[in-house]
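Mind docking chain B on chain A? Use the hints.
There are 2 protein chains.
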Amino acid sequence: MPNRIKIIKNILESNDTIAAKNKDRFLTANILTLNLIASPGAGKTSLVEQTLKFLSNKLRIAVINGDISTSLDTERAAKAGASALQINTGGECHLDALMLQKALDNFNLGDFDLLIVENVGNLVCPSSFDLGTQFTVVVASVPEGDDKPYKYPGTYLNADVVILNKIDLSPYVPFDKGNFYNGVRLLNSAAKIFEVSCLHGDGLQYWCAWITSQIELLQQNRYHQ
Amino acid sequence: MPNRIKIIKNILESNDTIAAKNKDRFLTANILTLNLIASPGAGKTSLVEQTLKFLSNKLRIAVINGDISTSLDTERAAKAGASALQINTGGECHLDALMLQKALDNFNLGDFDLLIVENVGNLVCPSSFDLGTQFTVVVASVPEGDDKPYKYPGTYLNADVVILNKIDLSPYVPFDKGNFYNGVRLLNSAAKIFEVSCLHGDGLQYWCAWITSQIELLQQNRYHQ
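Note that the protein sequences, when read in sequence, are chains A and B. Per the numbering used here, the first sequence starts with residue 2, numbered consecutively. Per the numbering used here, the second sequence starts with residue 2, numbered consecutively.
Pulled out of the complex, with its shape left as it was, chain A reads as follows:
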């Protein structure tokens, strides 16, 4: 096996071991955890803000933001009412399970119903690193174009949920919704898809209802254990 491939394999195996530990921690704390992956500017932080607006009076929500160098997104999440923490990756292009493990030490997870992890804005690298979260949520946006599932298959293959954001821009840009949906479905027959506008608030009630239903499921399973 060539050296470089061996090194990458070792890094990923080590990551998976820590991700499994994170997962156990989330299960024990009975907390729903989401890993948000998207291109820069697709609207991850706006989605976090809107989710907090809809749900922060019903749920106890924590947010962890991965960013290369700034705390801008964390400040937005905190302002919107979350217990928010920043991971500065120091130039790294993705979060990994160890970074998240260290960040988790700053929370008492039992105090929360929902943890949203906002990954670094990147449609390639984050999808290779399992964080141990329960669901991976890919945020796409209409002005990025309808070809993204075809061009970034690894990311769409691993998505449990796809959010199609900025649908309010549909009248102004060429975007073939059928082609986008076909691309997602070619790779991933199971992913839930929600169309939203984080700018105007459209469609977010369905996304938030899905979150609430998943938390209810988690809690029911807990009671039946």
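Because the hints were derived from the structure by calculation, they are not lab data. Hints may be right or wrong, so weigh each one.
The list cannot tell twin chains apart, which means a pair is met if one copy fits it or any two copies do.
[To be verified] Simulated crosslink set (DSBU-like; lysine-lysine; CA at most 35 Å straight-line):
id : residue 1 : residue 2
1  : LYS103    : LYS59
2  : LYS80     : LYS10
3  : LYS22     : LYS193
4  : LYS22     : LYS178
5  : LYS10     : LYS54
6  : LYS10     : LYS59
7  : LYS10     : LYS103
8  : LYS22     : LYS10
9  : LYS178    : LYS80
These figures come from a predicted structure and were not determined experimentally.
Same frame as chain A, now just chain B:
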């Protein structure tokens, strides 16, 4: 020095050695070379199409597209009139100098005035890998938001040119142009900035005039050698 950092340092040093060879090849062939870096969906391929539309009757243009798995962008460049070649990175999140070196063997560089290298859609990783091209062009787009220079400083720091695309969407999304320009200028006082709409054709004449002037400069220097 920790092992991982040493490995990355070795990879980058080896990359720089090959990039220097690519650079020599470009100088010898007297060809202008551009490395396009952007988020997925910012409009790199649309910029290539528009540039070809404006310049392909005056200049001999080649395009090399980096993509994780598809040849969609290369097909668009070929359709727009370029001699186009695809590099499939096989999942890699950026082009490196060696990938480009191998691709160059498919061209007689002396037959062209301009080579546009369209990097993988990623605002983080490509900026670490010099390809040996003369100019790095970062394509931003209005719907991505005005905070991108602050959040992806490595990419903006290394830009020779910043294209702000999709200015036609300005009326429909919050975008503080002053904040965007300040972010670019904080990192980079020298970068040329062009505002364009690749969808409607606005502003592209200035970008194309800049390309033409750079090629004239190259050729003048050549005559004076």
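Outcome of the hint check:
1. Taking the shortest Cα distances, LYS103 and LYS59 sit within 35 Å of each other inside one copy (28 Å), while across copies they are farther apart (57 Å).
2. When the C-alpha separation of LYS80 and LYS10 is checked against a cutoff of 35 Å, the pair qualifies neither within a copy, at 40 Å, nor between copies, at 39 Å.
3. For the homomeric pair LYS22 and LYS193, the shortest alpha-carbon distance inside one copy (26 Å) is at most 35 Å, but the shortest distance between copies (48 Å) is not.
4. Taking the shortest alpha-carbon separations for LYS22 and LYS178, neither the intra-copy value of 39 Å nor the inter-copy value of 44 Å comes in at or below 35 Å.
5. For the homomeric pair LYS10 and LYS54, neither the shortest alpha-carbon distance inside one copy (41 Å) nor that between copies (44 Å) is at most 35 Å.
6. In the homo-oligomer, the alpha carbons of LYS10 and LYS59 never lie at most 35 Å apart, since the shortest distance is 42 Å inside one protomer and 49 Å across protomers.
7. Taking the shortest Cα distances, LYS10 and LYS103 sit within 35 Å of each other both inside one copy (22 Å) and across copies (26 Å).
8. In this homomeric assembly, LYS22 and LYS10 come within 35 Å of each other (Cα to Cα) both inside a single copy, at 19 Å, and across copies, at 31 Å.
9. For the homomeric pair LYS178 and LYS80, the shortest alpha-carbon distances inside one copy (34 Å) and between copies (23 Å) are both at most 35 Å.
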